[in-house]
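Here is how the chains run, residue by residue.
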Amino acid sequence: MNERYDVVVVGAGPAGSVAAWHAAIGGAKVLLLEKDRDIGPPVRCAEGVAADSLKLVVEPDKSFIQNEIEGLRLYAPNGQMVPLISDDRGYILNRKVFDWYLAQLAAKAGADVRTKAYVNGLLFEDGHVAGVTFQSLGKTFRVHSKIVIGADGVESRVGRWAGLRTQLKLKDIETCVQFTLGNIEVDRRYCDFYFSRNLAPGGYVWVFPKGDGTANVGLGISGLEAQKLGRSPISYLRDFVEQKFPGAPVITTTIGGVPVAKTLKRIVTSGLMLVGDAARQVNPVSGGGIVSGMIAGKIAGQIAAEAVRAGDTSEKFLKRYEKEWHKAEGRNHEIFYRVKEAIHRFTDDELNAIASSFLELPEGERTLVNLFKIALKQKPSLILDVFAIFKDQAKSAMRASV
Amino acid sequence: MILVREDLCDFCGVCVSVCPPDCIELREAEIRIDHEACTECKLCVYVCPVETLEYVETSHERAV
Ligand SMILES: Cc1cc2nc3c(=O)[nH]c(=O)nc-3n(C[C@H](O)[C@H](O)[C@H](O)COP(=O)(O)OP(=O)(O)OC[C@H]3O[C@@H](n4cnc5c(N)ncnc54)[C@H](O)[C@@H]3O)c2cc1C
Ligand code: SF4
Ligand code: SF4
Numbered sequence: 000m001n002e003r004y005d006v007v008v009v010g011a012g013p014a015g016s017v018a019a020w021h022a023a024i025g026g027a028k029v030l031l032l033e034k035d036r037d038i039g040p041p042v043r044c045a046e047g048v049a050a051d052s053l054k055l056v057v058e059p060d061k062s063f064i065q066n067e068i069e070g071l072r073l074y075a076p077n078g079q080m081v082p083l084i085s086d087d088r089g090y091i092l093n094r095k096v097f098d099w100y101l102a103q104l105a106a107k108a109g110a111d112v113r114t115k116a117y118v119n120g121l122l123f124e125d126g127h128v129a130g131v132t133f134q135s136l137g138k139t140f141r142v143h144s145k146i147v148i149g150a151d152g153v154e155s156r157v158g159r160w161a162g163l164r165t166q167l168k169l170k171d172i173e174t175c176v177q178f179t180l181g182n183i184e185v186d187r188r189y190c191d192f193y194f195s196r197n198l199a200p201g202g203y204v205w206v207f208p209k210g211d212g213t214a215n216v217g218l219g220i221s222g223l224e225a226q227k228l229g230r231s232p233i234s235y236l237r238d239f240v241e242q243k244f245p246g247a248p249v250i251t252t253t254i255g256g257v258p259v260a261k262t263l264k265r266i267v268t269s270g271l272m273l274v275g276d277a278a279r280q281v282n283p284v285s286g287g288g289i290v291s292g293m294i295a296g297k298i299a300g301q302i303a304a305e306a307v308r309a310g311d312t313s314e315k316f317l318k319r320y321e322k323e324w325h326k327a328e329g330r331n332h333e334i335f336y337r338v339k340e341a342i343h344r345f346t347d348d349e350l351n352a353i354a355s356s357f358l359e360l361p362e363g364e365r366t367l368v369n370l371f372k373i374a375l376k377q378k379p380s381l382i383l384d385v386f387a388i389f390k391d392q393a394k395s396a397m398r399a400s401v
Numbered sequence: 000m001i002l003v004r005e006d007l008c009d010f011c012g013v014c015v016s017v018c019p020p021d022c023i024e025l026r027e028a029e030i031r032i033d034h035e036a037c038t039e040c041k042l043c044v045y046v047c048p049v050e051t052l053e054y055v056e057t058s059h060e061r062a063v
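Chains as they are written, first to last, in numbering that gives the first Met the number 0: chain X, 0 to 401; chain H, 0 to 63.
Accuracy of the hints is not assured; some may be wrong.
[Said to hold, decoys possible] Subject to a maximum C-alpha distance of 30 Å in a straight line, what follows is the list of computed DSS-like cross-link-like pairs (lysine-lysine): (1) X:Lys372 - X:Lys168; (2) X:Lys264 - X:Lys28; (3) H:Lys41 - X:Lys170; (4) H:Lys41 - X:Lys264; (5) H:Lys41 - X:Lys261; (6) X:Lys227 - X:Lys170; (7) X:Lys28 - X:Lys138; (8) H:Lys41 - X:Lys168; (9) X:Lys315 - X:Lys261; (10) X:Lys170 - X:Lys28; (11) H:Lys41 - X:Lys315; (12) X:Lys54 - X:Lys243; (13) X:Lys318 - X:Lys107; (14) X:Lys95 - X:Lys261; (15) X:Lys372 - X:Lys264.
Treat the hints as calculated values from the structure; they're not laboratory data.
The following block holds chain X by itself, in its conformation from the complex:
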């Protein structure tokens, strides 16, 4: 194989497949490369998305939806339950099917797809990214392309090879473990979140019901806390499960990391664009990155195709993607990033106090936005500026990026 493509996409997660799909729709000749033997597994994800935001990119299909969620319930460190009201619905996806479905959309739009294709370097021409090298089944291949889209997930090495700074700080990575537990009693209508320094320092525990008596039960802790405390998330998760679901069968164990950072300062350079976790396009508060990565993938795929048509794949042209991304989501993520930092600084007592004041609100006013307002009042010194921006942006932001 020594072919030429307009666009090569590295990584067939949601961000990469959607980028490949939209680049192909835009008329580009596209190759999607995935290092694993299959697209979908291994699933490193709790599989929760907001229904409305998913619809911005793909029509929900029953093949990949395992459960519908009516609401979120937060648990304060003292065990107090805080139900949130919202008009938004959520889904628990089946990502094995979902990721495969998205790659299939790319293929149907004309993209070539290759699995067991490990990309190990970039090609350059006059300082411009001009393709990739990859290894597959014992052979090394060189593929020339006008644009490379790096969608290689949390590792994000493709960007580094072109000089973009993708390395995460410890405070900006959540290190996570999840068990899928079988045969447990959970209310399938709600996603539950537990906050406490004892349960998950610098993070939270989630229980996402899959609707068939199983649930994704996992937690993330901040890399900084892991360093300080010398403890790993797996030891915390074992404790939580022992307490909450003693003896439950562990059907699957999943591990992974979530980049809870702001979007990278630079996500394009000549001939290269980064999307999804690779560009750190995750909501830093929730750690949700499926839909935001897909939104980025859609914009990047469209602009890549435009660039190919215009015969201009310079950094200047590709910066349109950066701009569009910031308008769509990136700016909200900056606000959420500050909120995340504030949340991590709350003590368990402060979180309990916030929960109590919130529960004094009439039921109809117990929204996420009001919860944040109360939280911010607790520590005005930290985030007055966030509060100001928050008031008008929060509503639309929350809707688009859970």
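Using the hints provided, position chain H with the ligands relative to the given structure of chain X.
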């Protein structure tokens, strides 16, 4: 040097995301550390979710 307990590794890439010199090579089910390039900063050890990585003091000669 950093030792990998391959039986524990799940190839999730968290260590790769924090490694300053980008000296960890990760494939579908294979992980390799370039001990020449490794600065022994131990960031990877702290973030590995399942305690796969271990730092052991060795003279550099023994490490390679
Ligand atoms: C435990 C956990 C729970 C989570 N829960 C949620 C949740 O409930 N909701 C939510 O929205 N988000 C969640 N996330 C985050 C979400 O999983 C990610 O944000 C999302 O998968 C990012 O999509 P992506 O396409 O950018 O990257 P990925 O899905 O990681 O895909 C990257 C792909 O690139 C491939 N690749 C990497 N390097 C190479 C290479 N060199 N050559 C070829 N291929 C390569 C990988 O094999 C992979 O398939 C969770 C994450 C974790 C770890
Ligand atoms: S973080 Fe741990 S489990 Fe994940 S790839 Fe690195 S060594 Fe393996
Ligand atoms: S110790 Fe530091 S340099 Fe060495 S592999 Fe780990 S993160 Fe990379």
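Outcome of the hint check:
As the CA atoms of lysine 372 of chain X and lysine 168 of chain X are separated by approximately 28 Å, the hinted pair is consistent with the 30 Å bound. Between lysine 264 of chain X and lysine 28 of chain X, the direct Cα distance comes to roughly 29 Å. Compliance with the 30 Å bound is thereby established for this hinted pair. About 15 Å separates the Cα atoms of lysine 41 of chain H and lysine 170 of chain X, which keeps this hinted pair within 30 Å; it holds. Pair hint lysine 41 of chain H plus lysine 264 of chain X holds up; C-alpha atoms about 26 Å apart against a cutoff of 30 Å.
The hinted pair formed by lysine 41 of chain H and lysine 261 of chain X meets the criterion: a straight-line CA distance of about 24 Å does not exceed 30 Å. Taking the CA atoms of lysine 227 of chain X and lysine 170 of chain X, the gap is about 11 Å. The hint holds against a cut of 30 Å. A C-alpha spacing of about 23 Å is found between lysine 28 of chain X and lysine 138 of chain X, which places the hinted pair at or below 30 Å, so the restraint holds. For the proposed pair lysine 41 of chain H and lysine 168 of chain X, the alpha carbon gap of about 13 Å is at most 30 Å, so the pair holds.
Taking the CA atoms of lysine 315 of chain X and lysine 261 of chain X, the gap is about 22 Å. The hint holds against a cut of 30 Å. About 39 Å separates the Cα atoms of lysine 170 of chain X and lysine 28 of chain X, which puts this hinted pair outside 30 Å; it is violated. Of the supplied pair hints, the one linking lysine 41 of chain H and lysine 315 of chain X is violated, its CA atoms being roughly 38 Å apart against a limit of 30 Å. Among the hinted pairs, lysine 54 of chain X with lysine 243 of chain X is inconsistent with the structure: their alpha-carbon atoms are about 34 Å apart, more than 30 Å.
Only pairs whose Cα atoms come within 30 Å are accepted, and lysine 318 of chain X paired with lysine 107 of chain X is accepted, the gap being roughly 28 Å. Note on lysine 95 of chain X and lysine 261 of chain X: the hinted pairing holds, with a Cα-Cα distance of about 28 Å set against a maximum of 30 Å. Taking the CA atoms of lysine 372 of chain X and lysine 264 of chain X, the gap is near 29 Å; set against the 30 Å cutoff, the hint holds.
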